[in-house]
Amino acid sequence: MTAAHNPAADLRQQVLVLYLETSGLDSPVVGWPVYDGTGRTSPTTGDSDEPPYQSGVAALRDGWRLIQAAQLIPPCPGHEYDVSFLKHEFLFEKLVAL
Amino acid sequence: MLNSVQMARFVAYGSLRMDAVVPAEMNAEALEVLGDGVPGVPYGTPLSEAYPQGSFPRRLLELPAVAGALRSLVGPEPDIDHHAVHVRLPREGQAQPLHGDAIIDVRRDAFDVQLMYYPQDVTLEMGGTLSVPGSHLRRTNESDTGRYQNLRGQDRLVCPAGTVVFLHHGLWHGGRRNDSDTVRYMFKIRFNPTVRQRRLWDTSDLADRRVARELDTTFPWYEHATGRLERYNRVLLWRALTGDDSFDLDHWVTRVSNRPQEVPA
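First to last, the sequence lines map onto chains A and B. Residue numbers for the first sequence follow our numbering, beginning at 5 and rising by one. Residue numbers for the second sequence follow our numbering, beginning at 2 and rising by one.
One should not assume that every hint holds.
If you want a taste of the chain B side facing chain A, the calculated C-beta under 7 Å gives, among others [unchecked claim]:
| no. | residue |
| --- | --- |
| 1 | Ala-96 |
| 2 | Pro-98 |
| 3 | His-225 |
| 4 | Leu-250 |
It is worth saying that the hints were derived from the structure and are not from the lab. Even for Gly, the Cβ is constructed at its ideal location relative to N, Cα and C.
Modelling step: build the complete structure from the supplied sequences, incorporating the hints.
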C-alpha cells in the first residue's frame with residue numbers, strides 16, 4: 005500500500021495584516037506587516053515605505069482571504085480620549101504551493 | 002535654546018532632529034570611543050556629575066546646539082537615566098521590533114528625552130533608526146507594537162555624520178536591519194527632568210502662527226478618527242508646557258470640556 009499524497013502538506017501560509025484608516029474594509033491602508041510561511045522572503049520592521057495595497061478591498065481583489073477583522077469596541081469609560089494601538093486591523097492569508 | 006515653533010514641532014512629532022551638529026573631528030573620535038564602550042553611570046546621576054570634564058560624552062553635551070536643545074526640553078541639570086552604545090552589525094539579518102523604551106509611561110505634564118547621536122553618515126542600507134512621527138502620546142507598552150512592521154509616513158533615518166536626534170520617551174522606534182557591510186554606531190542617553198517643564202525654551206515667539214500650525218500636524222499613519230484625539234492630547238501637552246489653559250486647536254478640547262455652571266435668570 006502506498007501513502008496517499010496530501011496536497012495540503014505542500015502548502016504554506018502567507019499572512020498580511022492591514023491597518024486601515026477607518027473600520028471599513030475599503031478604506032486606505034495606514035500600516036502593513038507581512039509574514040511569509042514559505043521562507044522565500046523575510047519581511048521585517050521598517051523595510052518598506054509603500055504599502056502593498058491601497059485598501060483592504062484591493063488585497064481581496066488580489067486573492068488574499070480575510071481571516072480576521074478587529075471588533076469595534078467602545079472606549080473604556082474615563083479613557084475616551086486616550087490613544088493607543090491601531091484599531092482597524094484586518095488579517096488576510098494566502099495559501100501558497102511550495 | 003529652541004524657540005516656540007521648534008518646541009511645538011517636538012510636541013507634534015515627538016522628536017527633534019539636528020543634522021551634522023557634531024564636528025567631524027569629534028565624529029572620528031566617537032567611532033573609537035563608542036567602539037571601546039562608555040562606562041555606565043548609576044541611574045539618576047545629575048548631569049554635571051555623570052561625565053568627567055573633557056570626556057567625550059561631556060563635550061558632546063556641551064556643544065551649544067545640543068546643550069540648548071536639552072535645556073529647552075528638560076531644563077537645567079537633568080538626571081542621567083542611563084546611556085548605551087547601540088551597534089548594528091553588518092548583515093545581521095534582523096530589525097528590532099517597533100517599541101517605546103522602558104515601560105508604558107503615561108505622564109501628561111512631564112516627559113523624558115533620549116538623545117541619539119550618529120557619528121557616521123547613515124545610509125538607508127545601514128538600517129538607521131526607524132521612528133514613527135507623532136506616536137509618542139500612544140499608550141502602549143514597550144514592544145507590544147512589534148506587529149507594526151511599516152506605517153505610512155514612518156521615518157527611516159538617513160543622515161549625515163554628527164546628527165543628533167532628541168526623542169520624547171514614548172516615541173515608537175527601532176533599529177532597522179543593517180543590510181550593508183558597515184558597522185553602524187549610535188550613542189543614546191536618556192535624561193530625566195528635575196524641574197517642572199514649563200516655558201523652558203525661548204518663548205518670545207509664543208504667539209507665532211506657526212506654533213499652532215506645527216501642533217495641528219497630522220501624519221499619514223493616523224486613523225481618521227484617532228488623529229483627532231492625537232490633536233486633543235497635543236493641546237493638553239502644550240497647555241501643560243506653557244501654562245496657558247486657554248490654548249486650543251479648532252476647539253477640540255474646549256468643546257468637550259464645556260460644562261456651564263451658570264443658572265439662567
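Here is how each hint holds up against the structure:
1. Ala-96: With a closest approach of 4 Å, the Ala-96(B) hint holds.
2. Pro-98: This interface hint holds because 6 Å falls under the 7 Å limit.
3. His-225: holds (5 Å)
4. Leu-250: violated (14 Å)
Checked against the numbered hints given earlier, this structure breaks only hint 4.
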